Amino acid sequence: MTRAWLLLALLLAGCVATEGLSVAEARISEPFANSAALYFAATNHGAEPDRLLAVSADAVEETRLHEVTIDGNGFATMTDADEFVVETDADLVLEPGSRHVMLLGMRAFDVGDVVEVELVWEHAGSMIIEAEVVPAGAGW
Amino acid sequence: MPRRLLLVIVALSLVGGACSGPTSGELTGIVYDEPVAKPSFTLTDLDGEPYDFVAETDGKLTLLFFGYTSCPDICPVHLAQIAEVFDQQPRIAREAEVVFVTVDPERDTPDVMRAWLDRFDSRFVGLTGTVEELDAAQEAAGLALAIREDGGEDYLVGHASQVLAFAPDGLGYSVYPFGTLQSDWLNDLPILVGLTTS
Numbered sequence: 000m001t002r003a004w005l006l007l008a009l010l011l012a013g014c015v016a017t018e019g020l021s022v023a024e025a026r027i028s029e030p031f032a033n034s035a036a037l038y039f040a041a042t043n044h045g046a047e048p049d050r051l052l053a054v055s056a057d058a059v060e061e062t063r064l065h066e067v068t069i070d071g072n073g074f075a076t077m078t079d080a081d082e083f084v085v086e087t088d089a090d091l092v093l094e095p096g097s098r099h100v101m102l103l104g105m106r107a108f109d110v111g112d113v114v115e116v117e118l119v120w121e122h123a124g125s126m127i128i129e130a131e132v133v134p135a136g137a138g139w
Numbered sequence: 000m001p002r003r004l005l006l007v008i009v010a011l012s013l014v015g016g017a018c019s020g021p022t023s024g025e026l027t028g029i030v031y032d033e034p035v036a037k038p039s040f041t042l043t044d045l046d047g048e049p050y051d052f053v054a055e056t057d058g059k060l061t062l063l064f065f066g067y068t069s070c071p072d073i074c075p076v077h078l079a080q081i082a083e084v085f086d087q088q089p090r091i092a093r094e095a096e097v098v099f100v101t102v103d104p105e106r107d108t109p110d111v112m113r114a115w116l117d118r119f120d121s122r123f124v125g126l127t128g129t130v131e132e133l134d135a136a137q138e139a140a141g142l143a144l145a146i147r148e149d150g151g152e153d154y155l156v157g158h159a160s161q162v163l164a165f166a167p168d169g170l171g172y173s174v175y176p177f178g179t180l181q182s183d184w185l186n187d188l189p190i191l192v193g194l195t196t197s
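Chains as they are written, first to last, in numbering that gives the first Met the number 0: chain A, 0 to 139; chain B, 0 to 197.
The hints are simulated quantities; they were obtained by calculation from the structure and are not laboratory data. Note that this is a predicted model, so its numbers are computed, not measured. Treat the hints with caution; some may be incorrect.
Examples of chain A residues lying across from chain B (beta carbon under 8 Å, computed) [what the hints assert, rightly or not]:
no. : residue
1   : N72
2   : T87
3   : P95
4   : M101
In this text, a Cβ means the ideal position worked out from N, Cα and C, and glycines have one as well.
Extracted from the complex, chain A is given alone in its bound form (with noise of 0.2 Å):
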């Protein structure tokens, strides 16, 4: 019963989590021209750091993880990462200005809409996360 009621208040508050893993706060900007970015915090908790391989959904056709670099001058660069790290007892937070999965041939969603995304990890192995269309820019 206990169990039940933690794995509820895990749902209600949009958290997901394996063992060892949770991811809260997902979260894909406003679909534009066939792409958007998605966001969410990862929170790891296990005995070793664990890896983002692979992000996918049906309703994108291709993905990329992005990193996102300002240097003294405001100059933003964004380059593609083969994986992102979650250290042990750490957090992996994606959110604009640092890193993102760029969602490329993304079907046309409205603000509000909630889109089922897959993360792959390393050790966490395949987790379903849900994550709600925002407006572009929102949340800073």
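For this one, chain A is given, so just place chain B on it according to the hints.
Okay, now just chain B, sitting in the frame of chain A:
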């Protein structure tokens, strides 16, 4: 006295008694040591007409930003924040010009830019030009030139991520880097819109 406040006071004193309107308060953006002149350039607006930046924005609070519509991350945040201020403070919206200059003219056709800007505010002005013209405009604005990264069809573009702000008196007092908060915009735009030469 905090250095930033001192800079603002120095900046405001430079325009001296010529100022009118609400000029009190501390700017939260990155404040120049001395106010800077508006960059001079002419590009093409989304109707295909020439747009002389200095002439078209004369007497207006002007926010200048270089970016591209396929930018998933930084560009939408700036524009959404400014649009939110416009919604909350119609007077500022009436007296301001937001100028978005593409650094990706190949993909950012006028139709694409208009559709993208309309998601934020249909009053936002979009400008384009040849690569050479766009480079010259970035140089005039004192920004590092945008660079196209590799990546095939869905290539990325590195670009300056700050918004340049110019008061109605034609001078730039402050810059807004990525990470500027909504509350910063709400604080600064009313101050800047009061810096006039009348």
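Going down the list of hints, with the structure as the test:
1. N72: holds, 6 Å
2. T87: Interface hint status for A/T87: violated (28 Å vs cutoff 8 Å).
3. P95: holds, 5 Å
4. M101: holds, 6 Å
Hint check: a violation occurs at hint 2 only; the rest are consistent with the structure.
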